[in-house]
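Here UniProt numbering is used: the first residue of the sequence shown is 1, the next is one more, and so on.
Keep in mind that the hints were calculated from the coordinates and are not lab data. You may find that some hints are simply not true.
Derived Cβ-Cβ restraints for the label pairs, each shown as a range [to be verified]:
1. H258 x S15: 47 to 53 Å
2. A331 x R230: 27 to 33 Å
3. H258 x E87: 30 to 36 Å
4. K80 x P165: 32 to 38 Å
5. P162 x D77: 22 to 28 Å
6. K285 x N74: 26 to 32 Å
7. S315 x I257: 53 to 59 Å
Model, not experiment: these values are computed from the prediction. Glycine residues also receive a C-beta, built at the ideal position from the N, C-alpha and C atoms.
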Amino acid sequence: MTLMKTIRENAQKLSKCIVLPEGTEERTLKAADYILKEKLARIILLGNKTEIERKSQEWSLQFTTNARIIDPLNNPDKEKYAELLYEIRKSKGLTYEEALVLTEDPLYLATLLIKAGEADGEVAGAMNSTGNVLRPAFQIVKTMPGISVVSGAFLMILKDNPYVPENILVFADCAVHPDPTASELAEIAISTARTAQSIAGLEPRVAMLSFSTKGSAKHALCDKVIEATRIAKEKAPWLQIDGELQADAAIVESVGIHKAPGSLIAGKANVLVFPSLETGNIAYKLVQRLAGAEAIGPVLQGMAAPINDLSRGCSVSDIVNLVAITATQSAGM
Numbered sequence: 001m002t003l004m005k006t007i008r009e010n011a012q013k014l015s016k017c018i019v020l021p022e023g024t025e026e027r028t029l030k031a032a033d034y035i036l037k038e039k040l041a042r043i044i045l046l047g048n049k050t051e052i053e054r055k056s057q058e059w060s061l062q063f064t065t066n067a068r069i070i071d072p073l074n075n076p077d078k079e080k081y082a083e084l085l086y087e088i089r090k091s092k093g094l095t096y097e098e099a100l101v102l103t104e105d106p107l108y109l110a111t112l113l114i115k116a117g118e119a120d121g122e123v124a125g126a127m128n129s130t131g132n133v134l135r136p137a138f139q140i141v142k143t144m145p146g147i148s149v150v151s152g153a154f155l156m157i158l159k160d161n162p163y164v165p166e167n168i169l170v171f172a173d174c175a176v177h178p179d180p181t182a183s184e185l186a187e188i189a190i191s192t193a194r195t196a197q198s199i200a201g202l203e204p205r206v207a208m209l210s211f212s213t214k215g216s217a218k219h220a221l222c223d224k225v226i227e228a229t230r231i232a233k234e235k236a237p238w239l240q241i242d243g244e245l246q247a248d249a250a251i252v253e254s255v256g257i258h259k260a261p262g263s264l265i266a267g268k269a270n271v272l273v274f275p276s277l278e279t280g281n282i283a284y285k286l287v288q289r290l291a292g293a294e295a296i297g298p299v300l301q302g303m304a305a306p307i308n309d310l311s312r313g314c315s316v317s318d319i320v321n322l323v324a325i326t327a328t329q330s331a332g333m
């Protein structure tokens, strides 16, 4: 059974509620129809109800009538959400009148629905930039306790790779934070381990990657990874983690034994934490293209509730998969 099929089956069992703020967008509506048909999640669509119904008829969508539809511009509960937003942001200078206006923005309303406990997660980005998706998330949902940084993980599905018995690696950060500090890198490691556990079903074995293995090179960049490993161990004593390790020492057992004798992670890692966004992004794209790996993500991690960002070039299938992932992610929070 493929990982994505397993994730979809888990989502069916969980019956989580996911809000889709781009409710009138064609791919989003078609994805919602499929999700509701397959019972992967309960769905809230944000947008004009008449437009959603008209487009559903135009595209012969049969199941969107099972979605809860909220029109942000004509919302009878607008004042309730405005009051919630005002309470959250008044210390930052937000007025109640400004909060009323912001609740008309689907991206703000989506995160307010999560904060109010009416939705378990959000998927957006088919029509909006990452910055626009994340801004209200940071302001309203915020990060998990003990986590200050949001990062993006990719599930890399390999085909019969001799170095990866489980055929799954989790890479991070590949999408969000350009140059994390040692403390932030430690948080990314902890978040990625949780992602590997909750979504991929892995027992995470985390390698903190560098161009050095156990002091083979001396540089401030290596020192950052060493310090990040120390902090991660302190913050999450349960975590199986080691660093600094070169990539081959992390995943090739014979190399790991030679370069890092005694390490419980070297040669056995299934979670790879890269020292910067630059290295992580390059690595996942190379593995995807040259090794023919399937790259699922990015899965945003570190938020107090799962809010995931799509590429604006996403397909209907991409949205369906990310909704299933978001539903699964919410179960582990």
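Each hint tested on the structure:
Between H258 and S15 the CB atoms are about 49 Å apart, so this pair conforms to the stated range of 47 to 53 Å. Distance hint check: the CB atoms of A331 and R230 are about 31 Å apart, consistent with the given range 27 to 33 Å. Range check, H258 to E87: about 58 Å between beta-carbon atoms, so the 30 to 36 Å window is missed. Our hint of 32 to 38 Å for K80 and P165 is violated, since their Cβ atoms are close to 51 Å apart.
The hint said 22 to 28 Å for the Cβ distance between P162 and D77, and at roughly 56 Å that hint is violated. For the pair K285 and N74, the supplied restraint of 26 to 32 Å is violated, since their beta-carbon distance comes to about 43 Å. The hinted range of 53 to 59 Å is not satisfied by S315 and I257, whose Cβ atoms lie roughly 43 Å apart.
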